[in-house]
Amino acid sequence: AQKITQTQPGMFVQEKEAVTLDCTYDTSDPSYGLFWYKQPSSGEMIFLIYQGSYDQQNATEGRYSLNFQKARKSANLVISASQLGDSAMYFCAMREALSGGYNKLIFGAGTRLAVHP
Amino acid sequence: DVKVTQSSRYLVKRTGEKVFLECVQDMDHENMFWYRQDPGLGLRLIYFSYDVKMKEKGDIPEGYSVSREKKERFSLILESASTNQTSMYLCASSLGTDLTTVPGSGANVLTFGAGSRLTVL
Chain D
1 AQKITQTQPG MFVQEKEAVT LDCTYDTSDP SYGLFWYKQP SSGEMIFLIY
51 QGSYDQQNAT EGRYSLNFQK ARKSANLVIS ASQLGDSAMY FCAMREALSG
101 GYNKLIFGAG TRLAVHP
Chain R
118 DVKVTQSSRY LVKRTGEKVF LECVQDMDHE NMFWYRQDPG LGLRLIYFSY
168 DVKMKEKGDI PEGYSVSREK KERFSLILES ASTNQTSMYL CASSLGTDLT
218 TVPGSGANVL TFGAGSRLTV L
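Chains as they are written, first to last, in the working numbering: chain D, 1 to 117; chain R, 118 to 238.
Note that these hints are calculated values from the structure, not bench results. Don't take each hint at face value.
[As the list claims (entries may be wrong)] When the alpha-carbon atoms are kept at most 20 Å apart in a straight line, the in silico EDC-like pairs for lysine to aspartate or glutamate are as follows:
#	chain 1	residue 1	chain 2	residue 2
1	R	K170	R	D145
2	R	K188	R	D143
3	R	K172	R	D155
4	R	K187	R	D143
5	D	K3	R	D215
6	R	K120	D	E44
7	R	K135	R	D215
8	D	K3	R	E189
9	R	K120	R	D155
10	D	K3	R	D145
11	D	K3	D	D29
12	R	K172	R	E189
[As the list claims (entries may be wrong)] Computed footprint of chain D on chain R, listed as stretches where at least three residues anywhere in the stretch have a Cβ under 8 Å from a Cβ of chain D:
#	region
13	155-162
14	192-204
15	229-238
Here a beta-carbon is modelled for each residue, glycine too, at the ideal position from N, C-alpha and C.
One chain only, chain D, in its complex shape (with noise of 0.2 Å):
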């Protein structure tokens, strides 16, 4: 079965700095695709960033950056110059491939980050 871990329940970084958030995936399908949501708060989720696994350069949107390892099987995000509305829960995603050519996204528990002033 397909599956997503992010390892850090909680996660802290000094305003301006870079910060990066681990997601490790498992998949026996050739094709996939990654996410990144954020949930603020306010509690709606956010799309921030998407990888195909065909994908030959890194996704980046903006402040975020997608490091993807096919090999070692990770997709961690990568916030640059973090600002402190960047503080929220952070989950990553995979696509599943279901019968009949439908999709669902399956997520990982996600981490928690603070951004201290």
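We have chain D already, so just place chain R on it with the hints.
For chain R alone, coordinates are given in the frame of chain D:
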């Protein structure tokens, strides 16, 4: 922007009550999902629907049912609420079934509502 609206942010119910959690999306998305979020467990899929009148069980469907009479509305039903159903419930929708995205666009990814926090006493 896609809006996924969950009508109730906070609910408190009694054990045995029937509970309805409503979710409405306004961007003509075909696909809708209900997840449950618990500390240390992340999000787990309860039910999903890829078309009106269609529903499929997710990973933890026991104790829940769903209804999708109209494309924009996906309801989660707890027939007889129990204390172990105290949780945060998140509704999501997507345009495409492949759940991929074009860089920079966010197209086809899951878009979530703000969540409904249910307490069963």
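Against the structure, the hints:
no. : hint            : result
1   : R:K170 / R:D145 : holds (15 Å)
2   : R:K188 / R:D143 : holds (10 Å)
3   : R:K172 / R:D155 : violated (23 Å)
4   : R:K187 / R:D143 : holds (12 Å)
5   : D:K3 / R:D215   : holds (19 Å)
6   : R:K120 / D:E44  : holds (11 Å)
7   : R:K135 / R:D215 : violated (34 Å)
8   : D:K3 / R:E189   : violated (31 Å)
9   : R:K120 / R:D155 : violated (24 Å)
10  : D:K3 / R:D145   : violated (31 Å)
11  : D:K3 / D:D29    : holds (12 Å)
12  : R:K172 / R:E189 : holds (14 Å)
13  : 155-162         : holds (count 6)
14  : 192-204         : violated (count 0)
15  : 229-238         : holds (count 5)
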